[in-house]
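Here's the letter readout for the chains.
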Amino acid sequence: DTAVSQTPKYLVTQMGNDKSIKCEQNLGHDTMYWYKQDSKKFLKIMFSYNNKELIINETVPNRFSPKSPDKAHLNLHINSLELGDSAVYFCASSVGLASTYEQYFGPGTRLTVT
Amino acid sequence: AQSVTQPDIHITVSEGASLELRCNYSYGATPYLFWYVQSPGQGLQLLLKYFSGDTLVQGIKGFEAEFKRSQSSFNLRKPSVHWSDAAEYFCAVGARSGNTGKLIFGQGTTLQVKP
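So the protein lines, in turn, are chains A and B. For the record, in the first sequence the residue sitting at position 81 is 81 according to this note's numbering, with numbers rising by one throughout. For the record, in the second sequence the residue sitting at position 103 is 103 according to this note's numbering, with numbers rising by one throughout.
Careful, some of the hints might be misleading.
[Unchecked claim] Here are the computed distance ranges between Cβ atoms for each label pair:
id, chain 1, residue 1, chain 2, residue 2, range
1, B, E15, A, T2, 41 to 49 Å
2, B, Q71, A, T59, 28 to 36 Å
3, B, T30, A, T59, 38 to 46 Å
4, B, S26, A, Y10, 16 to 24 Å
5, A, T100, B, S70, 37 to 45 Å
6, A, P8, B, Q112, 39 to 47 Å
7, A, M15, B, S80, 25 to 33 Å
8, A, D18, B, T55, 26 to 34 Å
9, B, I60, A, T2, 45 to 53 Å
[To be verified] Chain B side only, calculated, beta carbon under 7 Å to chain A, not exhaustive:
id, residue
10, Y25
11, G28
12, G43
13, L48
14, L56
15, F67
16, S97
17, N99
18, T100
19, G101
20, K102
21, G108
These aren't lab readings, by the way, just hints derived from the structure by calculation. We put the CB at the ideal spot given by N, CA and C, even for glycine.
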C-alpha cells in the first residue's frame, strides 16, 4: 500500500498549457510538501502545508498554485507552463513541521514542457 | 547563506569495497543533518539522521555517518558496498528552530557500483 502517491508519473505538455499534479498520503501525516528536482538533480523545496495551511512558499512564481483540500492531499496546479518548468516534482509528507520528523517522498512526477 | 555541499558529483566503487560520501554544510548553528537515498525512478528514502548526542549514527542498509562539528561535515560511510547501493545520495540540513519543515539539500552524489 503506497504511502505517498503522485499522479501522473509522467506529464508531457506544450508551453502555455495549464496542468495539475496530484499527491495523496495515507500515513495520517499533518504536513505535506512539494519539491522540484531540476535536470542537475538539485532538489529544492517549493511549498509546505500543515493541516491545510500554507507554511512555506519559496519564492515560487505565481503560476504555481498548491491546493490542499484535506490533510491527505496536496495538489499542484501550474498555469502557463514554461520550458523552465521541466523537472521532476516530488511530493512528501511528515508527521509535523519540526525538522526532526522524517519526510516520506512520493515517486515523483516527471514534467516535460515542449 | 545556508548551504550544503557534496563535493563529489559522481563516485564509482567496486562491489565489496568501502565507501565514503562527503557532505559539508554552512549554517548559523549546528543543524539537524540527514542523508537520503534516491534509487532510479523512485522518491527519496531516509538513510539516517543526526540530531544530537553520539556523533556516529547508524542507519538502514548498513550505512553510518559521522558528524564533525569542527569540519562542518557529515560524511556517509559503508564498509562494504553492494550492487544494490547504486543510487543518488543526498545530504540535507534542517533548522533546529522556526518549525517549517524546510530541508536544504546538497546537489547529490551519484554512486556507481562496479561488479
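Hints and how they fare:
Checking the proposed 41 to 49 Å range against B/E15 and A/T2 shows it is violated: the Cβ atoms sit about 30 Å from each other. For B/Q71 and A/T59, the Cβ-Cβ distance of about 31 Å falls inside the hinted range of 28 to 36 Å, so the restraint holds. Between B/T30 and A/T59 the beta carbon distance is about 26 Å. The supplied range of 38 to 46 Å is therefore violated. One distance hint, 16 to 24 Å for the beta-carbon pair B/S26 and A/Y10, is violated here, with the actual separation near 36 Å.
One distance hint, 37 to 45 Å for the beta-carbon pair A/T100 and B/S70, is violated here, with the actual separation near 24 Å. A hinted range of 39 to 47 Å for the beta carbons of A/P8 and B/Q112 is inconsistent with their spacing of about 29 Å. Judged by the Cβ atoms, the range 25 to 33 Å given for A/M15 and B/S80 is violated: they are separated by roughly 48 Å. Distance hint check for A/D18 and B/T55: the Cβ-Cβ separation is about 49 Å, which falls outside the suggested range of 26 to 34 Å.
Restraint check, B/I60 to A/T2: a C-beta distance of roughly 19 Å breaks the suggested window 45 to 53 Å. The interface hint given for B/Y25 is violated, since its Cβ lies 13 Å from the closest Cβ of chain A, which is over the 7 Å cut-off. Hint on B/G28 is violated. Least Cβ distance to chain A is approximately 14 Å, over the 7 Å limit. Proximity of B/G43 to chain A holds as hinted, the smallest CB-CB distance being about 3 Å (cut-off 7 Å).
The closest approach between the C-beta of B/L48 and any C-beta of chain A is roughly 10 Å, which is over the 7 Å cut-off, so the hint fails. Proximity of B/L56 to chain A is violated relative to the hint, the smallest CB-CB distance being about 19 Å (cut-off 7 Å). The closest approach between the C-beta of B/F67 and any C-beta of chain A is roughly 15 Å, which is over the 7 Å cut-off, so the hint fails. With a cut of 7 Å, the hint placing B/S97 at the interface with chain A is violated, because the nearest CB-to-CB distance is about 9 Å.
Against a cut-off of 7 Å between C-beta atoms, the interface hint on B/N99 holds, since the closest Cβ of chain A lies about 4 Å away. Annotation: interface hint on B/T100 holds; nearest CB of chain A at approximately 5 Å, less than 7 Å. Interface restraint check: B/G101 against chain A, minimum CB-CB distance 5 Å, threshold 7 Å, status holds. The beta carbon of B/K102 comes within 6 Å of a beta carbon in chain A, closer than 7 Å, and the hint placing it at the interface holds.
Because the smallest distance between the Cβ of B/G108 and any Cβ of chain A comes to about 5 Å, under 7 Å, the interface hint for this residue holds.
Hints 1, 3, 4, 5, 6, 7, 8, 9, 10, 11, 13, 14, 15, 16 from the earlier list are contradicted by this structure; the remaining hints agree with it.
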